[in-house]
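Number of protein chains: 2
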Amino acid sequence: MTDTVLASWRDGTAKTAILDFVTRATRQGPDFVPAGDRIATFDNDGTLWVEQPLPPQFDFVFRHWAEEVKADPSLAGRQPYKALIEKDPSFLHGVATQDPQVIESLLKAFARSWAGSTPAEFDAQVREWLATVKQPKLGVLYQDLVYQPMLELFDLLKANGFRVFVCSGGGRDFMRVFAEETWGINKENIIGSAAEYTYTDGGMVRGEQLLGTLDLGPGKPEHIFARTGRLPVFAGGNADVDIEMLSAARFALLINHDDAEREFAYTAAAEASLAKAGELGWTVVSMKDDWSTLYRNREQ
Amino acid sequence: MTDTVLASWRDGTAKTAILDFVTRATRQGPDFVPAGDRIATFDNDGTLWVEQPLPPQFDFVFRHWAEEVKADPSLAGRQPYKALIEKDPSFLHGVATQDPQVIESLLKAFARSWAGSTPAEFDAQVREWLATVKQPKLGVLYQDLVYQPMLELFDLLKANGFRVFVCSGGGRDFMRVFAEETWGINKENIIGSAAEYTYTDGGMVRGEQLLGTLDLGPGKPEHIFARTGRLPVFAGGNADVDIEMLSAARFALLINHDDAEREFAYTAAAEASLAKAGELGWTVVSMKDDWSTLYRNREQ
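Chains A and B supply the protein sequences, listed in that same order. This note's numbering numbers the first residue of the first sequence as 1 and each following residue consecutively. This note's numbering numbers the first residue of the second sequence as 301 and each following residue consecutively.
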């Protein structure tokens with residue numbers, strides 16, 4: 001492997017473990033992975049970009065809901081609008097920690113907000129948000145908070161015949177807007193929670209119901225199997241809602257947010273996954289120690 | 301284009317239209333298709349292999365149901381077992397013409413038959429059937445009834461940056477068993493009607509419910525959009541249940557079964573699609589005139 005491979009990864013056990021796995025997977029021997037089985041799946045929030053203080057999609061959604069309340073003040077007394085206006089701490093904690101029940105209630109409201117819309121309408125709203133809204137604590141556009149080392153990991157895996165998928169509890173259609181330009185991954189390799197659409201008058205119209213399960217916890221391998229017909233060989237995540245996906249993979253990478261200086265240091269909603277990593281021999285990435293560069297498009 | 305491109309296609313309007321579309325799609329100009337949008341989708345039964353007297357998957361399923369009735373004779377009085385045992389002509393006509401109501405009732409029974417099974421169990425049953433059961437009228441294995449010209453069309457499209465998907469009303473998991481070896485298409489590019497699975501004890505277990513809609517008629521663009529985030533640029537089909545998928549594409553190819561000598565000649569369940577082809581300028585393929593070789597692995 002040359003110096004351009006995993007260039008932002010410092011030498012250490014994580015980098016060595018990744019390179020060793022990829023070498024063994026692609027070379028004849030007991031750990032060889034046939035080409036068809038080379039599926040790699042990655043969580044998004046906290047794995048591919050910053051998820052504190054809230055996963056970025058919630059910023060997009062909450063701004064939209066604020067506009068809805070402005071247009072119809074009667075909504076202010078209803079959930080989830082009320083909890084947001086009152087900044088209900090237990091509600092916000094549930095969002096931040098991706099508590100499945102809170103996320104499910106939010107995704108239902110989210111589905112209702114865009115029911116009847118077309119993909120072009122939704123895409124334009126997401127593009128406007130991406131181009132204009134800055135992350136509140138770090139003061140830059142969200143797309144500038146994508147982790148450069150993970151993009152290099154995608155490059156390494158693709159160069160070795162892996163098909164890379166993103167598998168997030170967040171919205172499939174939200175991620176698809178920027179997947180190709182930001183991650184270099186085709187829309188069809190984006191897996192996430194999603195509404196059902198109907199084909200109407202020659203185009204797609206969004207409905208209110210979720211298609212299948214919420215893509216969190218056991219929903220992750222369920223969505224991955226439905227999409228690919230396989231379970232992943234390589235998986236990356238950062239939180240307890242990734243445990244099932246990571247457990248299903250032969251090689252599991254767990255991102256540990258221990259970099260208070262360049263990002264955030266926290267283990268909330270990741271305690272169980274950190275414990276599992278020790279138990280099952282997953283490779284834990286220390287953002288502080290293992291990554292020399294954190295964000296794409298920037299020198300650090 | 302060299303002589304090895306579409307080698308089993310005779311010169312004629314269909315071959316010319318395909319080559320012209322691919323050239324315009326990949327060359328700068330008004331009909332250029334950006335790389336990301338190059339999605340091509342194909343029906344399976346009657347488009348990629350023989351579908352008479354019944355789509356092959358029904359042979360697989362009906363043999364399984366005959367075994368179920370043998371094991372539990374009380375099933376003989378229940379539908380769909382009863383209709384099969386009595387060879388009810390209206391029922392069999394509904395199967396042959398892919399009548400959505402008949403297919404839906406069958407897929408529900410199909411879902412029940414394999415509920416609780418694992419992918420490995422189902423795959424082994426399909427492999428056994430593929431390796432041993434011959435098509436009743438043509439006397440060869442079903443995989444020898446795959447149309448060679450369509451495999452050459454896949455090659456042409458892939459060589460020009462298209463991602464090729466199969467989108468069938470039939471079972472997603474059934475097709476995935478042979479997709480890679482037969483079509484050269486990864487499992488993740490197979491779209492079809494499918495059961496929901498749950499992740500249980502580290503593996504997938506099939507449930508009884510369908511995931512989303514039945515993949516027929518409007519269900520085809522719905523499944524394609526859910527899977528890929530786009531509608532197809534190029535689509536191929538052969539029947540009325542393909543109309544919505546073909547209408548959604550910029551270039552539509554309709555296979556006309558007019559080859560009584562090498563296969564079957566019929567327009568049943570394709571009348572509306574043939575009329576649409578004339579109306580909307582779709583490219584109609586005469587199997588008799590446009591294809592010099594019909595089946596893969598064979599000289600004719």
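Check each hint, because a few of them may be wrong.
Claimed, not checked - Think about it this way: if two alpha-carbon atoms lie no more than 30 Å apart in a straight line, the pair counts; the simulated DSSO-like pairs of lysine-lysine are:
(1) A/Lys137 with A/Lys288
(2) B/Lys382 with B/Lys458
(3) B/Lys458 with A/Lys187
(4) B/Lys576 with B/Lys588
(5) A/Lys82 with A/Lys70
(6) A/Lys158 with B/Lys458
(7) B/Lys408 with B/Lys382
(8) A/Lys158 with B/Lys487
(9) B/Lys458 with A/Lys108
(10) A/Lys158 with A/Lys288
(11) A/Lys137 with A/Lys158
(12) B/Lys588 with B/Lys437
(13) B/Lys458 with B/Lys437
(14) A/Lys187 with B/Lys588
(15) B/Lys370 with B/Lys458
What the hints assert, rightly or not - Chain A residues, not near chain B, derived (Cβ > 10 Å throughout):
(16) Thr13
(17) Ile39
(18) Phe62
(19) Ala109
(20) Arg112
(21) Val133
(22) Leu156
(23) Arg172
(24) Leu211
(25) Thr228
(26) Phe264
Since the hints were made in silico from the structure, they are not lab data. Every residue, glycine too, gets a C-beta built ideally from N, C-alpha and C.
For each hint, the structure was consulted:
1. Proposed proximity of A/Lys137 and A/Lys288 is supported: the alpha carbons are some 19 Å apart, at most 30 Å.
2. As the CA atoms of B/Lys382 and B/Lys458 are separated by approximately 45 Å, the hinted pair breaks the 30 Å bound.
3. Distance check on the hinted pair: B/Lys458 and A/Lys187 sit about 17 Å apart at the alpha-carbon level, within 30 Å; holds.
4. Between B/Lys576 and B/Lys588 the CA atoms are separated by roughly 21 Å; this keeps the pair inside 30 Å, and the hint holds.
5. With a C-alpha separation of about 13 Å, the suggested pair A/Lys82 and A/Lys70 falls inside the 30 Å cut-off, and the hint holds.
6. Between A/Lys158 and B/Lys458, the direct Cα distance comes to roughly 18 Å. Compliance with the 30 Å bound is thereby established for this hinted pair.
7. As the CA atoms of B/Lys408 and B/Lys382 are separated by approximately 15 Å, the hinted pair is consistent with the 30 Å bound.
8. Between A/Lys158 and B/Lys487, the direct Cα distance comes to roughly 17 Å. Compliance with the 30 Å bound is thereby established for this hinted pair.
9. As the CA atoms of B/Lys458 and A/Lys108 are separated by approximately 39 Å, the hinted pair breaks the 30 Å bound.
10. Between A/Lys158 and A/Lys288 the alpha-carbon distance is near 26 Å, which keeps this suggested pair within the 30 Å criterion.
11. The suggested pairing of A/Lys137 with A/Lys158 is violated, with an alpha-carbon distance near 33 Å, which exceeds 30 Å.
12. Proposed proximity of B/Lys588 and B/Lys437 is supported: the alpha carbons are some 19 Å apart, at most 30 Å.
13. Distance check on the hinted pair: B/Lys458 and B/Lys437 sit about 33 Å apart at the alpha-carbon level, beyond 30 Å; violated.
14. Of the pairs offered as hints, the one joining A/Lys187 and B/Lys588 is violated, with about 38 Å between alpha carbons and a cut-off of 30 Å exceeded.
15. Taking the CA atoms of B/Lys370 and B/Lys458, the gap is about 46 Å. The hint is violated against a cut of 30 Å.
16. Every CB of chain B lies more than 10 Å from the CB of A/Thr13, the least distance being 26 Å, so the non-interface label holds.
17. Here A/Ile39 does not stay apart from chain B, with its beta-carbon only about 8 Å from theirs, under the 10 Å limit.
18. Residue-level check passed: A/Phe62 sits 24 Å from the nearest beta carbon of chain B, beyond 10 Å.
19. Listed as a non-interface residue, A/Ala109 keeps its Cβ farther than 10 Å from every Cβ of chain B; the least gap is roughly 21 Å.
20. At roughly 19 Å, the least C-beta separation between A/Arg112 and chain B is larger than 10 Å, which holds for a residue marked as non-interface.
21. Distance check on A/Val133: its Cβ is at least 23 Å (rounded) from any Cβ of chain B, clearing the 10 Å threshold; non-interface status holds.
22. With a least CB separation of 20 Å from chain B, A/Leu156 remains clear of the 10 Å interface cut-off, as annotated.
23. Taking the minimum C-beta to C-beta distance to chain B, about 8 Å, the non-interface status of A/Arg172 is violated against the 10 Å cut.
24. A Cβ of chain B approaches the Cβ of A/Leu211 within 10 Å, the least distance being about 5 Å, so the stated non-interface status is violated.
25. Not every C-beta of chain B lies more than 10 Å from that of A/Thr228, the closest at about 4 Å, which undercuts listing it as non-interface.
26. At the 10 Å boundary, the C-beta of A/Phe264 stays outside the reach of chain B, the nearest C-beta of that chain being 30 Å off.
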